[in-house]
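> Using the sequences and the hints, build the whole thing.
Listed below, chain by chain, are the residues.
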Amino acid sequence: MSQYLVLIYGDEKAFAEGGQGLADEVMKGHMEFGTTYEKNIAGGNALQSVDTATSIRKDAKGSFSVTDGPFVETKEALGGYYLVEAADLDEAIAMAKTIPAPGGGLEIRPIMVFDR
Amino acid sequence: MLAATVRVTRDLDLAEECVQDAFARALTTWSTEGVPANVGAWLTTVARNRALDLLRRESTLRRKLPLLVEDDVAPEPADPPEIPDDRLRLVFTCCHPALAVESQVALTLRLLCGLSTAEVARAFLVSEPTMAARITRAKKKIAEARIPYRVPARDELPARLDAVLAVLHLLFTTGHTAPAGAALVRRDLVSRAVDLTRMLHGLLPTPEVTGLLALVLLTGARSDTRTAPDGRLLLLEEQDRSRWDRTAIDEGLVLVRASLQAGRPGRYALQAAIAAVHADASTWAETDWREIAALYALLGERWPSPVVALNAAVATGMAAGPAEGLAALERLAAEPALASYPYLPAARADFLRRLGRTDEARTAYEEALLLTENQVERGFLEGRLAALA
Numbered sequence: 001m002s003q004y005l006v007l008i009y010g011d012e013k014a015f016a017e018g019g020q021g022l023a024d025e026v027m028k029g030h031m032e033f034g035t036t037y038e039k040n041i042a043g044g045n046a047l048q049s050v051d052t053a054t055s056i057r058k059d060a061k062g063s064f065s066v067t068d069g070p071f072v073e074t075k076e077a078l079g080g081y082y083l084v085e086a087a088d089l090d091e092a093i094a095m096a097k098t099i100p101a102p103g104g105g106l107e108i109r110p111i112m113v114f115d116r
Numbered sequence: 001m002l003a004a005t006v007r008v009t010r011d012l013d014l015a016e017e018c019v020q021d022a023f024a025r026a027l028t029t030w031s032t033e034g035v036p037a038n039v040g041a042w043l044t045t046v047a048r049n050r051a052l053d054l055l056r057r058e059s060t061l062r063r064k065l066p067l068l069v070e071d072d073v074a075p076e077p078a079d080p081p082e083i084p085d086d087r088l089r090l091v092f093t094c095c096h097p098a099l100a101v102e103s104q105v106a107l108t109l110r111l112l113c114g115l116s117t118a119e120v121a122r123a124f125l126v127s128e129p130t131m132a133a134r135i136t137r138a139k140k141k142i143a144e145a146r147i148p149y150r151v152p153a154r155d156e157l158p159a160r161l162d163a164v165l166a167v168l169h170l171l172f173t174t175g176h177t178a179p180a181g182a183a184l185v186r187r188d189l190v191s192r193a194v195d196l197t198r199m200l201h202g203l204l205p206t207p208e209v210t211g212l213l214a215l216v217l218l219t220g221a222r223s224d225t226r227t228a229p230d231g232r233l234l235l236l237e238e239q240d241r242s243r244w245d246r247t248a249i250d251e252g253l254v255l256v257r258a259s260l261q262a263g264r265p266g267r268y269a270l271q272a273a274i275a276a277v278h279a280d281a282s283t284w285a286e287t288d289w290r291e292i293a294a295l296y297a298l299l300g301e302r303w304p305s306p307v308v309a310l311n312a313a314v315a316t317g318m319a320a321g322p323a324e325g326l327a328a329l330e331r332l333a334a335e336p337a338l339a340s341y342p343y344l345p346a347a348r349a350d351f352l353r354r355l356g357r358t359d360e361a362r363t364a365y366e367e368a369l370l371l372t373e374n375q376v377e378r379g380f381l382e383g384r385l386a387a388l389a
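Chains as they are written, first to last, in this note's numbering: chain A, 1 to 116; chain B, 1 to 389.
Mixed in with the good hints, there may be bad ones.
As the list claims (entries may be wrong) - In silico DSBU-like cross-links for lysine-lysine, where the CA-CA straight-line distance does not exceed 35 Å: (1) 61(A) with 39(A); (2) 61(A) with 28(A); (3) 39(A) with 139(B); (4) 97(A) with 28(A); (5) 141(B) with 39(A); (6) 58(A) with 39(A); (7) 139(B) with 97(A); (8) 28(A) with 139(B); (9) 61(A) with 75(A); (10) 141(B) with 97(A); (11) 58(A) with 141(B); (12) 61(A) with 139(B); (13) 97(A) with 39(A); (14) 28(A) with 141(B); (15) 75(A) with 13(A); (16) 97(A) with 75(A); (17) 75(A) with 139(B); (18) 61(A) with 97(A); (19) 28(A) with 39(A); (20) 97(A) with 13(A); (21) 13(A) with 139(B); (22) 141(B) with 13(A); (23) 13(A) with 58(A); (24) 28(A) with 13(A); (25) 39(A) with 140(B); (26) 140(B) with 97(A).
Unchecked claim - So the derived list for chain B, only partly shown, Cβ under 8 Å to chain A, looks like this: (27) 144; (28) 146; (29) 148; (30) 327.
Hints in this document: simulated from the structure, not taken from any laboratory.
Cβ coordinates follow ideal geometry from the N, Cα and C atoms, glycine included.
Here's what the structure looks like:
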């Protein structure tokens, strides 16, 4: 078994425009995912909107610069994540496909394992 | 043999080393003990045992054991029937959608066709270090993201098979009309593509696989006649049809019929059908252009691609006259996907030439030349341009 981080990207504006109906549908999808893959989910959370993001960079002189907003401006914002266990990438993909991500998509990244 | 060893090692580099070790051992052992009855099985067994040996010594054995998913690894000689299955697993792994398409193609050539990295680099006109880096990255992704070494499950198979067919088709077209360089046809790529498609067809004879095999056979049958002895391009109109590979054509025709029988024909079956219409015509003049135009219309529905639309427009022009063809091409003028596709201005140039609109034809040929890198194709366009004067 390997661990993968599944990053959920979405169009926040489109989501807001979808209203309560869309929000309910998405919530239902996440509950179903949680039930179906209970044994595989090692963690997960929804994130507050990208408006609430704060980014930190170090400039060439070594001083910190703290700014409002995400690290990278993208059309689809990072909205949440799941940490899942899967035998291989195909299994992770099959799981990820059932996660709701209206107007966006998912990214699957294998977790780095450090040899002891 | 490589495929069977990968099943044990789950590490492509390690598998390659073991295969080489097996060959080295064969050279020494067979000279003293004689050549074994089943050479393939002997080599495979030795490679797999070597792999097991190496794995046992590594502390990562405990981590790798769970990867030996499907069956237990048997230390007995591999039965020949196992080997084709492993090649199938290998081709699906090489063509996994999680890998970049250019990586899928590179891995397929390297691991399934056994081309050296230098040879693969030459095939795609990149430097050897660039290709080596591409292949290394792909192997790294397979290992670290744990792309599994298996034939996909039934429900995933259609989509995954599509990816494999796309790679094989790309291999074939790159060989049939080289994008750049001095030769038009790269025979080595064409024959690899045909061999791989044949292997796939032997194991998974679905209608689309059958369609692709028919397509590469029927199109490849013309390879010998596409250039004149002096190396210049010969159009379909000028090719000596008596030198088309009749054996390949006959086989292709049987296969295309089979691929069209099963329900709704897919894009490879339809392309093969178009190639079959050409193969059926004993002369250029006898070509049934209406049939071809109709097939392109079907193909366009199945596979709405601007390139298909371009080909359909050319077929229309051949069937109904250059004015009609030009009108069909004009509709594609603003298509962004065709902006740097040389065959669009080349087709326009040809229809304009036939209509006697010389100045416009000249401009179009010049536009096509700007976009064409293959030397043989450039020679042809320059010849047309000179003839206009």
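> Look at each hint and say if it fits the structure.
Against the structure, the hints:
1. 61(A) with 39(A): violated, 47 Å
2. 61(A) with 28(A): Violated: residue 61(A) and residue 28(A) sit about 49 Å apart, past 35 Å.
3. 39(A) with 139(B): holds, 30 Å
4. 97(A) with 28(A): holds, 15 Å
5. 141(B) with 39(A): holds, 26 Å
6. 58(A) with 39(A): violated, 40 Å
7. 139(B) with 97(A): The hint holds at about 24 Å.
8. 28(A) with 139(B): violated, 38 Å
9. 61(A) with 75(A): holds, 31 Å
10. 141(B) with 97(A): holds, 20 Å
11. 58(A) with 141(B): holds, 30 Å
12. 61(A) with 139(B): violated, 39 Å
13. 97(A) with 39(A): holds, 17 Å
14. 28(A) with 141(B): holds, 33 Å
15. 75(A) with 13(A): holds, 10 Å
16. 97(A) with 75(A): holds, 21 Å
17. 75(A) with 139(B): Holds. Residue 75(A) to residue 139(B) sits at ~31 Å (cutoff 35 Å).
18. 61(A) with 97(A): Violated, at roughly 44 Å.
19. 28(A) with 39(A): OK: residue 28(A) and residue 39(A) at ~19 Å, within 35 Å.
20. 97(A) with 13(A): holds, 22 Å
21. 13(A) with 139(B): violated, 39 Å
22. 141(B) with 13(A): holds, 34 Å
23. 13(A) with 58(A): holds, 31 Å
24. 28(A) with 13(A): The hint holds at about 20 Å.
25. 39(A) with 140(B): The given pair, whose Cα atoms are some 28 Å apart, holds under the 35 Å limit.
26. 140(B) with 97(A): holds, 24 Å
27. 144: Hint holds; residue 144(B) Cβ to chain A Cβ min 5 Å, cut 8 Å.
28. 146: Residue 146(B) check passes; min Cβ-Cβ to chain A is 4 Å, inside 8 Å.
29. 148: Since chain A brings a Cβ to about 4 Å from residue 148(B), closer than 8 Å, the hint holds.
30. 327: Because about 39 Å separates residue 327(B) from the closest Cβ in chain A, which is outside the 8 Å limit, the hint is violated.
Consistency note: the structure conflicts with the earlier hints numbered 1, 2, 6, 8, 12, 18, 21, 30.
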